Amino acid sequence: MSGMQHSTYTPKSGLGRWIDARMPLPRLMYDSFVAYPVPRNLNYAYTFGGILSLMLGLQIATGVVLAMHYAANSGLAFNSVEGIMRDVNQGWLLRYMHSTGASFFFIAVYVHMFRGLYYGSYKAPRELLWILGCIIYLLMMATAFMGYVLPWGQMSFWGATVITGFFSAIPLVGDWIQQLLIGGFAVGNPTLNRFFSLHYLLPFMIAGVVILHIWALHVAGQTNPTGIEVKSKTDTVPFSPHATVKDGFAMVVFLFFFAYFIFYIPNFLGHADNYVEANPLKTPSEIVPEWYFLPFYAILRAITFNIGPINSKLGGVLAMFGSIVLLFIVPWLDTSKIRSAVYRPWYKLFFWIFIADVIMLGWIGAKPPEGIYPTLALLGAIWYYAHFLIILPVLGLIETPRRMPNSITEAVLAKNGGSAHPAGATAEPHTKG
Amino acid sequence: MSAHEAANETVDGNRRDFLYIATGMAGVVGAASVAWPFIDQMQPDASTLALAQVEVDVSSVKKGASLIVKWRGKPVVVRYRTDKEVQEGKSVQLSELKDPVARNANLPSDAPATDANRTVPKREAWMVMVQVCTHLGCIPLGQQGEYGGWFCPCHGSQYDTAGRIRKGPAPENMAIPVYEFTSETVVRIG
Amino acid sequence: MRKILHGLAALAIVAAGTVVVAAAQDEKNAEPTHFPMLPPQQLSWSFAGPFGTYDKEQLQRGLKVYREVCSACHSLNLVAFRSLKDLGYSDAQVKAFAAQYQIHDGPNDDGDMFDRPGKPSDHFPAPFPNEEAAAAANGGAAPPDLSLMAKAREVQRGFPRFIFDIFTQYEEGGPDYIHAFVSGFGQNPPAGVTIPEGTFYNPHFMSAVSTHMPPPLQDGQVAYDDGAPQTVNQYATDVAAFLMWAAEPHLQVRKEIGFRVMIFLLIFGVLVYLTKRKVWAEVAH
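Residue numbers (the numbering used here), protein chains in the order written: chain A, 1 to 433; chain B, 434 to 623; chain C, 624 to 908.
Because the hints were derived from the structure by calculation, they are not lab data. Since this is a predicted model, take the numbers as computed values, not measurements. Heads up, a few of these hints could be off.
[Stated by the list, open to error] A few chain B positions that, by computed beta-carbon distances, are all more than 10 Å from chain A:
{"no.": "1", "residue": "F471"}
{"no.": "2", "residue": "A479"}
{"no.": "3", "residue": "P541"}
{"no.": "4", "residue": "R621"}
[To be verified] Below, simulated BS3-like cross-link-like pairs (lysine-lysine); rule was C-alpha separation at most 27 Å, straight line:
{"no.": "5", "chain 1": "C", "residue 1": "K901", "chain 2": "C", "residue 2": "K878"}
{"no.": "6", "chain 1": "A", "residue 1": "K231", "chain 2": "C", "residue 2": "K718"}
{"no.": "7", "chain 1": "C", "residue 1": "K899", "chain 2": "A", "residue 2": "K233"}
{"no.": "8", "chain 1": "A", "residue 1": "K313", "chain 2": "A", "residue 2": "K282"}
{"no.": "9", "chain 1": "B", "residue 1": "K496", "chain 2": "B", "residue 2": "K555"}
{"no.": "10", "chain 1": "B", "residue 1": "K495", "chain 2": "B", "residue 2": "K523"}
{"no.": "11", "chain 1": "A", "residue 1": "K12", "chain 2": "A", "residue 2": "K233"}
{"no.": "12", "chain 1": "B", "residue 1": "K555", "chain 2": "B", "residue 2": "K495"}
{"no.": "13", "chain 1": "A", "residue 1": "K282", "chain 2": "A", "residue 2": "K337"}
{"no.": "14", "chain 1": "C", "residue 1": "K901", "chain 2": "A", "residue 2": "K233"}
{"no.": "15", "chain 1": "B", "residue 1": "K507", "chain 2": "B", "residue 2": "K495"}
{"no.": "16", "chain 1": "A", "residue 1": "K415", "chain 2": "C", "residue 2": "K901"}
{"no.": "17", "chain 1": "B", "residue 1": "K517", "chain 2": "B", "residue 2": "K555"}
{"no.": "18", "chain 1": "B", "residue 1": "K496", "chain 2": "B", "residue 2": "K507"}
{"no.": "19", "chain 1": "C", "residue 1": "K708", "chain 2": "A", "residue 2": "K415"}
{"no.": "20", "chain 1": "B", "residue 1": "K507", "chain 2": "C", "residue 2": "K679"}
{"no.": "21", "chain 1": "B", "residue 1": "K600", "chain 2": "B", "residue 2": "K517"}
{"no.": "22", "chain 1": "B", "residue 1": "K531", "chain 2": "B", "residue 2": "K495"}
{"no.": "23", "chain 1": "A", "residue 1": "K233", "chain 2": "A", "residue 2": "K313"}
{"no.": "24", "chain 1": "B", "residue 1": "K503", "chain 2": "C", "residue 2": "K679"}
{"no.": "25", "chain 1": "B", "residue 1": "K503", "chain 2": "C", "residue 2": "K901"}
[Claimed, not checked] Residues from chain B shown here face chain C by an in silico Cβ test under 10 Å; the list is partial:
{"no.": "26", "residue": "N447"}
{"no.": "27", "residue": "R448"}
{"no.": "28", "residue": "G457"}
{"no.": "29", "residue": "G460"}
{"no.": "30", "residue": "G463"}
{"no.": "31", "residue": "S466"}
{"no.": "32", "residue": "A468"}
{"no.": "33", "residue": "L484"}
{"no.": "34", "residue": "E488"}
{"no.": "35", "residue": "V491"}
{"no.": "36", "residue": "K496"}
{"no.": "37", "residue": "A498"}
Cβ atoms here follow ideal geometry from the backbone N, Cα and C, with glycine treated the same way.
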């Protein structure tokens, strides 16, 4: 159901009509964020899109002011960050908001993505919506990685060395590509300069793709926990005030946790070694990426053997990038006719196993590659791939779904013990996120 | 609808309005509080403020010589004026001045621009002045121009031996910073 | 088919179970190649917790220890004299303190570098002109700068303690480490551990069995005038607290503002929740 199909916006003032006839931006805003109908049964898992918009705005705002004090030069960068922490008025606050904000941005995006996977939000006609989301996620990873290099601590430097090293695994042109990326034979001042430039650029590209993402969303309309498309007006409520106030409440709760980390444990999610200035001659005892990359890092390290003509280095890099590529094709890997896990008992089980697998991979990613961990990483990586390449396609063909209600309204009334639609309303009450 | 129900509804309505207003106000307070650090960070930081006061040893400055020091990123001239220069400064009538106010941060803001008021007491031969043209911020050249004081090459402003604007586009006398002779040979500026 | 699915799920759960058990076992058999050999003692710091504040007298003592002991080899590059006002010193005291140091400055009008007394706007001067000189004078290992040491060292907490740390707000791994390391000399190495020539055994050192740093402190070495015990343990505690301040000078104001922000968000959250309930009152969802 699209709110874009016919506009109910009627400008009240003369000025409103004048603008509407020339550039109907207020009409677009009204249709997108006021009158836009959303399913009435959205739970709190659906508020993370709004939270993500807030986080993107906050990261850009804090980032722009930090750039006013930051020096993108390998001789100055570390001390300029410390100048922000010590001398700039409220600089410590802005910097902790930005560094902790990156982590909370990823917390929100992971909830958002897992919600999409759980409720089958990627299924037709929302494949493009999903792919745009995957592009945003990729851009976020690139932005976060380059941002982490900027303080020019030990982890910054060695993280940059390791990650740009991925590209040297590519046959024939790998070394050339790596040199192209870092602007030298090792990570250095040219690397820092270009990463700063790109770190400043990419968030605005993210903002652009977010607009496309919302556009695609508003064409297809939101899914909902039942996975049943909107059929009548009673299935929906207007975006404002219903969704805005619900999103607003979720944002305040999210900000509460965010503020707790900023003010009380701002370095909990960081790494102590990044408070040591970069030293190209000395590697830290362990190189660990930020927590949000750990599952992928574990998959990278899981491949410790050659696979035919592919050596272990290239194999690891391919496995890692492949694990992200899989996300793009999820709409075509999932063969189920049913959208939501609520009516797919087996998918629900495998979904939670998948979550456990990803968490386990993240935990292994933080461990040194010794003892049992490489084996565990390999098992976890195999399960990750199997989930997408075997479980998703096969499950859709063989699973017997639960009986579904006929409409959202029916599901809601059944849940609330309504007697209006006794027959056929077998939707099981799902807990609200 | 009974009267009782109607009354209930207005009470409910009032309560709802109050809730909406309270929530809205709290939101505005929150947004404003978040906005403040973003503005505050633009102000001079602690390391800049720490340099806001400099002490200058002027023991090497002979009569007729000047010393230029950097203070808050601007050149400050410390000039031990010759008797002739002081004499010239004192002989000017206030009515001849383009800007009759002293512009001396050590004095009230309406002090007249006499030669003595352009200096501090007992050190009237010493000019301590921010050597920045009050027109558009160029650095005037010392001991030049029609009045033997300063001359700004950018747009031709002419200052006299007490740094007062006499001719040209500049609107004000050059600024005198807060300063003090802490000993015979040391000036503390700022 | 149902059986297959059941089997698969069971397999996954069993696999996960073995993994956890195996990992737990692995944790126990930690090899002696892992450092530090002994975890640091967890002290109770005045600046810990949501209402933590710096103890100014302790910071002053810590400054004294840094000045009389550590500063012989370790720089404190990022700390400016002016910020010592945080320790409770007056402007005049800071000025006098700074003036005791010689700052290399220049060039002057003749093009020469010169030494002059320090000013409040100067930073602590380094004991060595550059890292190479520092390394050359210290058996090849340059003593690290201490400005951020309290944040640049951490204690491996492991699962599940790192989760509890979120709620206990444990962020004092750095000072705990510094205290343990500085006071951790003078113990006898366990049998079978060889100590390389020119190094000193310290089971709390984070990257080897021994360190190039000689034992820095002895009882009574630094004279305190506020009656605090003049012991190695007290010196180590005080200097660790001082270095925490040096690394995070705005910690106290951060926690104060944080408390106000949390209270505001709590109240605002309740208001928005009530508004949300009102708005949704007529809609079953």
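- prompt: Of the hints stated earlier, which fail here?
  reply: 1, 2, 5, 6, 13, 19, 20, 22, 23, 24, 25, 26, 32, 35, 36, 37
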